[in-house]
Each structure stands twice: as C-alpha cells, then as structure tokens.
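This is what each chain is made of:
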Amino acid sequence: AQSVSQHNHHVILSEAASLELGCNYSYGGTVNLFWYVQYPGQHLQLLLKYFSGDPLVKGIKGFEAEFIKSKFSFNLRKPSVQWSDTAEYFCAVNAPSGGGADGLTFGKGTHLIIQP
Amino acid sequence: NAGVMQNPRHLVRRRGQEARLRCSPMKGHSHVYWYRQLPEEGLKFMVYLQKENIIDESGMPKERFSAEFPKEGPSILRIQQVVRGDSAAYFCASSPSGGGTEAFFGQGTRLTVV
Numbered sequence: 002a003q004s005v006s007q008h009n010h011h012v013i014l015s016e017a018a019s020l021e022l023g024c025n026y027s028y029g030g031t032v033n034l035f036w037y038v039q040y041p042g043q044h045l046q047l048l049l050k051y052f053s054g055d056p057l058v059k060g061i062k063g064f065e066a067e068f069i070k071s072k073f074s075f076n077l078r079k080p081s082v083q084w085s086d087t088a089e090y091f092c093a094v095n096a097p098s099g100g101g102a103d104g105l106t107f108g109k110g111t112h113l114i115i116q117p
Numbered sequence: 006n007a008g009v010m011q012n013p014r015h016l017v018r019r020r021g022q023e024a025r026l027r028c029s030p031m032k033g034h035s036h037v038y039w040y041r042q043l044p045e046e047g048l049k050f051m052v053y054l055q056k057e058n059i060i061d062e063s064g065m066p067k068e069r070f071s072a073e074f075p076k077e078g079p080s081i082l083r084i085q086q087v088v089r090g091d092s093a094a095y096f097c098a099s100s101p102s103g104g105g106t107e108a109f110f111g112q113g114t115r116l117t118v119v
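Each protein sequence line maps, in turn, to chains A and B.
Each number in the working numbering corresponds to the 1-based position in the first sequence with 1 added.
Each number in the working numbering corresponds to the 1-based position in the second sequence with 5 added.
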C-alpha cells in the first residue's frame with residue numbers, strides 16, 4: 002500500500018518569500034503524483050500532476066514540482082508567494098496499474114499562511 | 006459545465022440516525038470516489054465506484070457504511086446509526102476514466118453528529 006508524508010504541517014511565510022513544501026511517498030512501483038490546493042471554504046483544486054516524462058512539472062498559479070524518483074519525493078515550489086496563496090496543500094499519489102486502489106492516497110496536508 | 010456537486014453542504018445528525026450524502030459527478034464522468042477527512046488529517050480514500058458497480062471499497066468501514074452509484078441519479082454514501090466519530094468532511098471526486106486519471110473534487114459535505 003502507498004503512503005504519503007508531508008514534512009511540514011504548518012508553514013508561515015511573508016509575501017515574496019520562496020516556498021518549498023516537501024512530499025515523500027512510499028511505493029515501489031510506478032506512481033502518478035499530484036498536488037492539490039484547498040482554499041478556505043472551497044473544494045480541492047488540482048495544482049499540478051506528474052504521470053510520466055519531464056520530472057519538472059509546471060502547474061497553475063506559478064507553482065512547480067520536481068519528481069525525484071531516487072528520493073521518492075515530489076516537492077512543491079513557488080519562487081515568490083502571494084497573500085492569496087494562503088491555503089491547505091495536499092500531496093497525493095496513486096498507482097495506475099496493479100499496485101492498489103485506483104483512489105488517491107493523500108498526505109496530511111500543509112497549512113500555508115502568507116503574511117502581507 | 007457544472008463541477009462535482011455534493012449535497013447537502015452541512016448535515017447534522019443525532020447519534021443513531023442515518024446520514025445520506027449525495028454526489029453528482031461532472032457531466033461525462035462515470036467514475037466516482039469518496040473520501041473522508043477527519044480533523045487535522047488528510048483525506049482518506051473510502052470507495053471507488055463506476056455506474057452500478059463498486060470497484061474498490063478497501064477504505065470503507067466494514068459496518069454501517071455503504072455506497073452506491075445507480076444507473077440513474079447521484080452516487081449515495083450512506084451511514085447508518087451514526088456515532089460521534091463519524092463527524093468529518095466527506096468529499097466526492099469524479100473522473101472520466103480510471104487508471105489514475107485526474108479526479109475533480111466536490112466541495113464536500115460536513116457531517117456533524119451530536
């Protein structure tokens with residue numbers, strides 16, 4: 002079974018600071034990787050995803066993530082955060098074939114607060 | 006194109022009552038997933054359904070919980086004889102196909118058991 006670990010449960014940054022949120026997963030086979038964001042009072046929205054190909058993935062709102070297979074990591078980055086990035090961020094993984102549930106396995110989330 | 010619709014948004018039930026949560030997937034989506042989010046926890050997979058079939062219910066508690074996705078109408082997550090520990094946010098997601106394709110989430114139903 003897969004598991005996902007997000008290192009920081011709460012992160013507080015000032016506007017214009019750079020952001021990196023850690024995500025590690027445990028699963029020995031091929032995986033699909035996702036980052037979702039949940040703004041206050043809203044549903045989860047997909048920020049970006051990795052299925053295959055270029056391990057550096059660019060998503061919406063200036064976010065990117067890098068898949069490092071040897072480290073089982075998929076860290077989320079943004080060079081300069083804005084106050085509107087305040088939200089809960091979830092890393093998720095699933096195994097597209099043979100490895101387990103077709104549903105997503107989520108990390109516990111990181112609550113990001115951006116101070117103006 | 007309406008997104009995934011869940012209702013009700015908020016549901017309050019007394020212990021021992023039944024809770025019924027509804028999810029209408031996006032148009033053209035035949036795959037539905039239910040997740041539960043407990044306070045201070047990430048989302049936990051519960052069940053994966055296609056029309057009229059349960060594909061994977063490995064995350065569903067063995068008792069009191071059931072799910073269906075009939076040929077017509079929304080998917081229903083049913084919790085019988087609710088207890089305080091069932092209080093959580095329940096999210097539904099849909100996708101056009103399985104195999105790990107992108108899932109779109111609804112806004113969730115927040116169940117409070119009093």
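None of these hints come from the bench; they were simulated from the model.
All values derive from a computational prediction rather than experimental measurement.
Hints should not be assumed to be uniformly reliable.
As the list claims (entries may be wrong) - Below, computed lysine-lysine pairings styled on DSSO-like, alpha-carbon distance capped at 27 Å:
1) Lys76(B) <-> Lys109(A)
2) Lys70(A) <-> Lys67(B)
3) Lys49(B) <-> Lys50(A)
4) Lys109(A) <-> Lys72(A)
Stated by the list, open to error - Distance windows between CB atoms, simulated:
5) His10(A) <-> Glu73(B): 43 to 49 Å
6) Gln83(A) <-> Pro44(B): 24 to 30 Å
7) Glu65(A) <-> Glu46(B): 38 to 44 Å
8) Arg14(B) <-> Gln83(A): 26 to 32 Å
9) Arg25(B) <-> Gln83(A): 47 to 53 Å
10) Ala17(A) <-> Glu57(B): 21 to 27 Å
11) Ser71(A) <-> Thr106(B): 34 to 40 Å
12) Ser81(A) <-> Glu73(B): 43 to 49 Å
13) Glu46(B) <-> Glu16(A): 45 to 51 Å
The beta carbon of each residue, even a glycine, is placed where N, CA and C say it ideally should be.
Against the structure, the hints come out as follows:
1. Lys76(B) <-> Lys109(A): violated (34 Å)
2. Lys70(A) <-> Lys67(B): violated (35 Å)
3. Lys49(B) <-> Lys50(A): Measuring from Cα to Cα gives roughly 19 Å; hence the hint holds.
4. Lys109(A) <-> Lys72(A): Between lysine 109(A) and lysine 72(A) the Cα gap is close to 19 Å, so the pair holds against 27 Å.
5. His10(A) <-> Glu73(B): 43 to 49 Å: 35 Å Cβ-Cβ, so the 43 to 49 Å window is violated.
6. Gln83(A) <-> Pro44(B): 24 to 30 Å: Roughly 28 Å apart at Cβ, these two residues keep to the hinted range, so it holds.
7. Glu65(A) <-> Glu46(B): 38 to 44 Å: Since glutamate 65(A) and glutamate 46(B) have Cβ atoms about 27 Å apart, the given range 38 to 44 Å is violated.
8. Arg14(B) <-> Gln83(A): 26 to 32 Å: Between arginine 14(B) and glutamine 83(A), where Cβ atoms are some 28 Å apart, the hint holds.
9. Arg25(B) <-> Gln83(A): 47 to 53 Å: violated (40 Å)
10. Ala17(A) <-> Glu57(B): 21 to 27 Å: violated (52 Å)
11. Ser71(A) <-> Thr106(B): 34 to 40 Å: At 26 Å between Cβs, range violated.
12. Ser81(A) <-> Glu73(B): 43 to 49 Å: Given a distance of about 47 Å, which is inside 43 to 49 Å, the answer is holds.
13. Glu46(B) <-> Glu16(A): 45 to 51 Å: violated (29 Å)
Violated hints, in rising order: 1, 2, 5, 7, 9, 10, 11 and 13; the structure is consistent with all others.
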